[in-house]
Amino acid sequence: MTGRSRWWLLSAVTAVVITAATVYGVGEWRRYQALQAAPSSVDVIEGPALTGPRVLFRNTSVGNEYGLVAAVPLDDPGAPRTISDLECDRVDATSDRTVCLRTDRGVVTTFEATIYGADGTRESSSPLPGIPSRTRLSENSRLVATTAFVTGHSYLAVGFSTETVVTDIAAGTSANIEEFDFEVDGRPVTSPDRNMWGVTFATDDNTFFATAASGGRTWLVKGDLAARTLVAVTEGAECPALSPDESRIAYKKKTVSGGTAEWAVAILDVASGTEIVLPGDRSVDDQAEWLDDSTVLYGLPRIDAVGDNDIWAVAADGTSDPVLFIEHAWSPAVVRGG
Amino acid sequence: MYISLNDRPDDLQPPRSGARARVSSVVITLGIVSMLTDVSSESVSAILPLYITGVIGLSTVAYGFLDGIYQGISALVRIAAGWAADRGGQPKWIAFFGYGLSAVARIGLLFATGFAALTAVITVDRLGKGIRTAPRDALISASSDVGNLGRSFGTHRMLDTIGAALGPLIAFVILFLIPDGYSTVFVVSLAFALIGVALLGLVVPNIRPTARPTEERPSAPRFRWKQLTDPRLRRLLVAAGLLGLLTIGDGFLYLLLQTRGAFAAEWFPLLYVGTNLTFLALAIPAGRLADRVGRARVFVVGHLALLAAYVVAALPANGAPLTIACLLLLGVFYAATDGILAALASQFTPPEARATGIAAAQTVVALARLIASTTFGLLWFLYGSQTAVIGVAVALALVIPIVALLLRRPTLNRAGV
Chain E
1 MTGRSRWWLL
11 SAVTAVVITA
21 ATVYGVGEWR
31 RYQALQAAPS
41 SVDVIEGPAL
51 TGPRVLFRNT
61 SVGNEYGLVA
71 AVPLDDPGAP
81 RTISDLECDR
91 VDATSDRTVC
101 LRTDRGVVTT
111 FEATIYGADG
121 TRESSSPLPG
131 IPSRTRLSEN
141 SRLVATTAFV
151 TGHSYLAVGF
161 STETVVTDIA
171 AGTSANIEEF
181 DFEVDGRPVT
191 SPDRNMWGVT
201 FATDDNTFFA
211 TAASGGRTWL
221 VKGDLAARTL
231 VAVTEGAECP
241 ALSPDESRIA
251 YKKKTVSGGT
261 AEWAVAILDV
271 ASGTEIVLPG
281 DRSVDDQAEW
291 LDDSTVLYGL
301 PRIDAVGDND
311 IWAVAADGTS
321 DPVLFIEHAW
331 SPAVVRGG
Chain Y
1 MYISLNDRPD
11 DLQPPRSGAR
21 ARVSSVVITL
31 GIVSMLTDVS
41 SESVSAILPL
51 YITGVIGLST
61 VAYGFLDGIY
71 QGISALVRIA
81 AGWAADRGGQ
91 PKWIAFFGYG
101 LSAVARIGLL
111 FATGFAALTA
121 VITVDRLGKG
131 IRTAPRDALI
141 SASSDVGNLG
151 RSFGTHRMLD
161 TIGAALGPLI
171 AFVILFLIPD
181 GYSTVFVVSL
191 AFALIGVALL
201 GLVVPNIRPT
211 ARPTEERPSA
221 PRFRWKQLTD
231 PRLRRLLVAA
241 GLLGLLTIGD
251 GFLYLLLQTR
261 GAFAAEWFPL
271 LYVGTNLTFL
281 ALAIPAGRLA
291 DRVGRARVFV
301 VGHLALLAAY
311 VVAALPANGA
321 PLTIACLLLL
331 GVFYAATDGI
341 LAALASQFTP
351 PEARATGIAA
361 AQTVVALARL
371 IASTTFGLLW
381 FLYGSQTAVI
391 GVAVALALVI
401 PIVALLLRRP
411 TLNRAGV
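Note that the protein sequences, when read in sequence, are chains E and Y. So in the numbering used here, spot 155 of the first sequence is number 155, and the numbers just go up one at a time. So in the numbering used here, spot 380 of the second sequence is number 380, and the numbers just go up one at a time.
Next up, chain E with everything else stripped away, as it sits in the complex (with noise of 0.2 Å):
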């Protein structure tokens, strides 16, 4: 090939190659505004947010509602849902507050925590380090913990870490909890691979659950605020949410280890130490949420859709298999006064 003919054919090649990508992002763009102009995939109401008990959640139908936090009410959960204008990837609420993770996408793309009062104003607002993870609020709104991936622009650099913050809003104080003095069986655990994450709270406002991870090994842990402590109940369990009674607290419970996990939701008997593993055939990559004291809530992903997701129920005392609960949901957040 002769330098004129190879500088002919390079030129091809980029030009083909550029058309064919321009087409397809094109393309992409306008499928997207197509979905942005097109009405939910799921039954709306127009009008007031909703009030009263409820569940509120991440609305994940296509459509121009993506991502936007709906509510339908806590005794008709196949009701129409109410979409607010609040974008969130996690969320959390009570009757007083709601707390929401967000990405805030653009050419720098950077993540926060925003707390929200209940008439909807923004209280505060505190930056994460990177792709939320998961939040819970107290029972009386008092705390709020958050927790993000520590991931840096490339996960190959840093490789997995999280950090989880704990805020008494009354008392304007936050606190790493990674910071916090972590023993299992009496013995310290200092190893800086320590990573926690996936916090939820006793009504006592300083108790927490939470899950610590070291070495490959994950603890489920029993926090105290106040003492700035954790220590480890049991191995193997991530992600607790404790029951409404504080009898019991559900988790998910890695079943099979290696390359690819699995997780299955498991209840732990808080005085009996007995544990329940649930059942359901899909593998549960989520922090649950009690719908009461004897059913838990918890998100999948959906098959046949990428970034599509639904919430199910599933009895809390393993005598049936998991139903579904909303479609097209993500982040279930069970607010039961107001």
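Calculated from the structure, these hints are not laboratory results. You may find that some hints are simply not true.
Stated by the list, open to error - Just so you have them, the derived chain Y footprint on chain E, three or more residues with Cβ under 8 Å:
hint : segment
1    : 5 to 12
2    : 92 to 101
3    : 123 to 132
Said to hold, decoys possible - Going by beta-carbon spacing under 8 Å, a handful of chain E positions derived as facing chain Y:
hint : residue
4    : E28
5    : W29
6    : Y32
7    : R105
8    : G106
9    : Y116
10   : A118
11   : S320
12   : L324
No residue lacks a Cβ here, since even glycine has one placed at the ideal position from N, Cα and C.
Please build the complex by placing chain Y on the supplied structure of chain E, with the hints as guidance.
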């Protein structure tokens, strides 16, 4: 004590066309190939955590374990590819194979749906990177004058880093316009990779590095492991290894900065941008300086910048100026060491064994840094982050003079100098 670090190339061999020899068009073309490939790989790296957690629905827990495995494989592959490039005398086509493999991995990305598939795709991509680096650096070295090796490698690394800076930018612009447009990012990434491979395949000549114009010899000199016994190369490997053992990953420094101040915490996802911008701005000046005052000298000074970065990170104070200073120092460190190491390895290896020599130096550094990260994790555990950084800084302060001695020009006391 006066330490002579005089390894000025013009003492070894006068440059062919004066001290200001131009950077070869081959080097610039290879730089553009790397730039396109880096746009391709970094655009994907930047959004992969979002894609994995948001779309595939896996928690990030799943991929932490990959890191060590891939680093080890990459190091082995690198040596093998360097050897193959020397042995077969086809550095261009070995490099082409490496770039091609990464481009093929991009196609795989369009179809990967689960974690296992994604892992396979990333592994193939990293293998491609391991394969291409040393043969490409051998090509750069073969198409440069001895007198401007530093500048050539500096030019290449600048173009490479521009790609690394542009990639995430392009990816996030696409996601800004099309929030669920991950497949568009993958397609655009593939497009950049394909153009890069085409540019390499069609335009870059397969330069067989030869020592001197062949004097009626039908076959070029063969590669032999014995050709890697230059004591200067051995000393370079020891020096680079020692320094590599004290080079903790950027990630650790960023984490340390992040725990210190609100500024670093807020901008944590973007700290690497500051380092990259400094690197690309200083790559050519550092290379030219190395050609003028001696590559080993600049290499050692680069590690002084790393030492300064450790000190800044360990300071009890915090705030925006210190964070920015730390990022700038890291950028200076990369500009003064990354390309210069390849230039030094080239300088100390005969042309027939050049790709292997460069691969050896880069592998030593990669493995030493892997050990450094692991050891540093242990130190962090035993003594706390701040003490650990101070400890590594003290060790680095002790090792730098030793390295300076090691890399001192070996032929001292030449008459008439």
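For this session: Please name the hints from earlier in the document that this structure breaks, with their numbers sorted from lowest to highest.
Result: The structure conflicts with hints 2, 9, 10, 11 and 12, although it agrees with all the remaining ones.
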